[in-house]
Each structure stands twice: as structure tokens, then as C-alpha cells.
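One letter stands for each residue in the lines below.
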Amino acid sequence: MTPPPFQWFLDQHRDDVYRFLVAAVGAQEADDCFQETFLSAMRAYPRLRPNSNMRAWVLTIAHRKALDAHRARGRLPLPVADPPERAAANGAAEPDGELWAEVRRLPGKQRAAIALRFAGDLQHDEIGRVLGCSEEAARRNVHEGLKKLRTTWQT
Amino acid sequence: MANLSDMEKQLARAARADVSRAVARASDDLADRAAHEHLLDVAYTVLDSPVGPVLVAATRRGIVRISFGQGYDPESVLADLCGRVSPRIVEAPSYFDAVRRELDEYFHGQRTRFDLPLDWSLTGGFGRRVLERTARIPYGEVSTYRQVAAAAGSPRGARAAGNALGANPIPIVVPCHRVLHSGGGLGGYGGGLDRKEFLLRLEGVLRD
Numbered sequence: 769m770t771p772p773p774f775q776w777f778l779d780q781h782r783d784d785v786y787r788f789l790v791a792a793v794g795a796q797e798a799d800d801c802f803q804e805t806f807l808s809a810m811r812a813y814p815r816l817r818p819n820s821n822m823r824a825w826v827l828t829i830a831h832r833k834a835l836d837a838h839r840a841r842g843r844l845p846l847p848v849a850d851p852p853e854r855a856a857a858n859g860a861a862e863p864d865g866e867l868w869a870e871v872r873r874l875p876g877k878q879r880a881a882i883a884l885r886f887a888g889d890l891q892h893d894e895i896g897r898v899l900g901c902s903e904e905a906a907r908r909n910v911h912e913g914l915k916k917l918r919t920t921w922q923t
Numbered sequence: 018m019a020n021l022s023d024m025e026k027q028l029a030r031a032a033r034a035d036v037s038r039a040v041a042r043a044s045d046d047l048a049d050r051a052a053h054e055h056l057l058d059v060a061y062t063v064l065d066s067p068v069g070p071v072l073v074a075a076t077r078r079g080i081v082r083i084s085f086g087q088g089y090d091p092e093s094v095l096a097d098l099c100g101r102v103s104p105r106i107v108e109a110p111s112y113f114d115a116v117r118r119e120l121d122e123y124f125h126g127q128r129t130r131f132d133l134p135l136d137w138s139l140t141g142g143f144g145r146r147v148l149e150r151t152a153r154i155p156y157g158e159v160s161t162y163r164q165v166a167a168a169a170g171s172p173r174g175a176r177a178a179g180n181a182l183g184a185n186p187i188p189i190v191v192p193c194h195r196v197l198h199s200g201g202g203l204g205g206y207g208g209g210l211d212r213k214e215f216l217l218r219l220e221g222v223l224r225d
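Protein chains in written order, with the numbering used here: chain A, 769 to 923; chain B, 18 to 225.
Simulated from the structure, these hints should not be mistaken for lab results.
As the structure is a prediction and not an experimental result, all values here were calculated from the model.
Do not rely on the hints blindly, as some may be mistaken.
Simulated coverage check for chain A against chain B, where a stretch passes if three residues somewhere in it have a Cβ under 8 Å from a Cβ of chain B [as the list claims (entries may be wrong)]: (1) 769 to 779; (2) 894 to 901.
Capping the alpha-carbon separation at 27 Å, the derived lysine-lysine pairs in DSS-like fashion look like this [as the list claims (entries may be wrong)]: (3) A:LYS877 / B:LYS26; (4) A:LYS915 / B:LYS26; (5) A:LYS916 / A:LYS877; (6) B:LYS26 / A:LYS916; (7) A:LYS915 / A:LYS877.
Every residue, glycine too, gets a C-beta built ideally from N, C-alpha and C.
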């Protein structure tokens, strides 16, 4: 059984993947991570098992690309802010830009769990699968992250 | 201090944000990057034409599939290519500038032969020989099922030749519309007989 045409897979999941990446790495790096994600997916695609959870699969790849981006940024001398033009162009993708900027300052697992939950719209068991932890640990990461956000974020 | 559920609502708003424009921009270079990394096995696009929408699919070798006319169903064509060629199929209109130009010229009566590379991998055996013979029938001329069967090495294979032409994966460019019944009838056409008539009229074979 071959998977469906890649274009259908792309059409079905690209908005979720993009939202997750904007949440996880910010608008500036989302485009590149997005392309890297779907190139990796395309490489492995013909070997994909039938009945796979494709959404969790592609978000797992996106999560790895987001980690790579965070690591690369850790090596940069200075944190870079979104250039104003670009940030404005991506405004629609970041309705609560500052809150999500706070999310990106959380520890890795909490950051990823919150992005997968709220931007990727995954259930806790799927988040566990993406992060390689139990459903319970995924739920705890979301919860701890939200608690930490609450201490820094004022509505 | 914000309460948890307010914050969850704010975060969830991101899940409903309209990202279509940003995604379209980010997707733009994807086909190019995929081609560059040898991951793009089949590119396709849909072109407008006087015979209705025309789906064109190409591999690295050339055009592998054209579909239009009666029963036009791009989804089933793509699903078929998925199984017979590769599931790495991506819509990439920018790869079809030459095809678009040549087809436009053809439909305007300004082109009598195509200079487009073809991928014959969806054909084989006798059917392929029939189609290769058919590809050599010049614009404005016609042949018969019996003649192309004989030219392909099977003088009594008119019916088999008809089947092969009916299953032509690359119609228009491989001009199966130029093959008619020996008795003078139009014969059949995968894209519908009205399309065959249209093309023969365009080429000046049929007149009002």
C-alpha cells in the first residue's frame, strides 16, 4: 500500500505544521523550518506505513526541526528580534505574539508541549508520542508550562 | 494575575489563526528545494484549454501523463500515478512553462509538432510500439487502427491497437486522435468523441 499523493498530505497538514512552528520558533524562522520539515517528510514518505497517524508523524519531524533551530540560535552571539516588516507580515500567524514569545522562553519540553497542544492541536497522548514520553508526562509538561507562564504574563 | 483558562484561550487563538498566505509563501520554494534534493518524482499542474482543464504530470524524464475531457478526474489520475510511478507527487505550475506555451500555440493553430520530452514508462510491449508509431503521424494527416497495428508488427492487431490508443497516457502530444477506423468512421477516443472531432477540426482534417 503506497501512501496518498504527497500533495494531498501537504495540503492536509501544512497549516497545522506552520502554526506549530510559528509558536515554537517564531515567525522569522518558521519558513525555513517548514521547508525542512516537509523535505524530511518527503524523503521518508514512500516508506511510511499505512494507517500511520500522519499528523503526529509530521509534527514529530517539525518538533525536531524546531529543536535544531533553538540549538542553532543558542550558538548565535545575540538573540535576534523579528524585523518589524516580517513580524507585521506574519501578524495573522501570531495573534498573541508576546504571549507566544514568553512560551518560547520556557524550558524545552514545556515549550514544545504547549506549542503542540495549542498550535498543533494535538491530544496529550499524541504529544507524548512526539516528545517520546508518557501521556501523563505530556500533560504535566503542558500544565507546568502554563503555570510558569502565569507568573510572567499579565492579561 | 491571569488565570489558567484565560491563558489557554489566548494560546488556542493561535490554532485558529489564518496562516494561508504565510503558508503559501513558505510552500513556494518547496518544490524547487525538493527537486534540487532529487525528492520530486512527479510534478503536475492543471492548464486551461479549449477542450477544458488539462492535467499534465511529468517526471525527470518528461511528460508521463496527460488527462482531460470526458470523465476528467484529476484525483483518480494522481492516485493512479502514486501507485505506478511514485507517491512523491507535488503540484508545481512553474515547471510547466514550456508545456503551457506549446499547448497554447497548438490550440491557436500556430504549432504543428511538440518539442517536449516524454516519459513512456506507463506504456509497454505492443501498446508502446503502437503509441510510438502514432507519435510519428504528422499534423493534419490520419492513419487507421489497422495501419498502426501493422506498423507496430501485428497486421491483425487492429483491435489491440485500438485498446492501446484508448489507454494512451499522453493524449494530444501523442496524437491518438489521428487514428481512425479503416471504414472511414472516427473510431473511439478516451477523452470523448467530441474532443477527437475538435482536434481533427483544429488540424484541418475535418471540415464543416
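Do the hints match the structure? See the list:
1. 769 to 779: holds (count 8)
2. 894 to 901: Since 0 is below three, the answer is violated.
3. A:LYS877 / B:LYS26: 21 Å, holds
4. A:LYS915 / B:LYS26: 14 Å, holds
5. A:LYS916 / A:LYS877: 13 Å, holds
6. B:LYS26 / A:LYS916: The given pair, whose Cα atoms are some 16 Å apart, holds under the 27 Å limit.
7. A:LYS915 / A:LYS877: Measuring from Cα to Cα gives roughly 14 Å; hence the hint holds.
Checked against the numbered hints given earlier, the structure breaks only hint 2 and satisfies all the rest.
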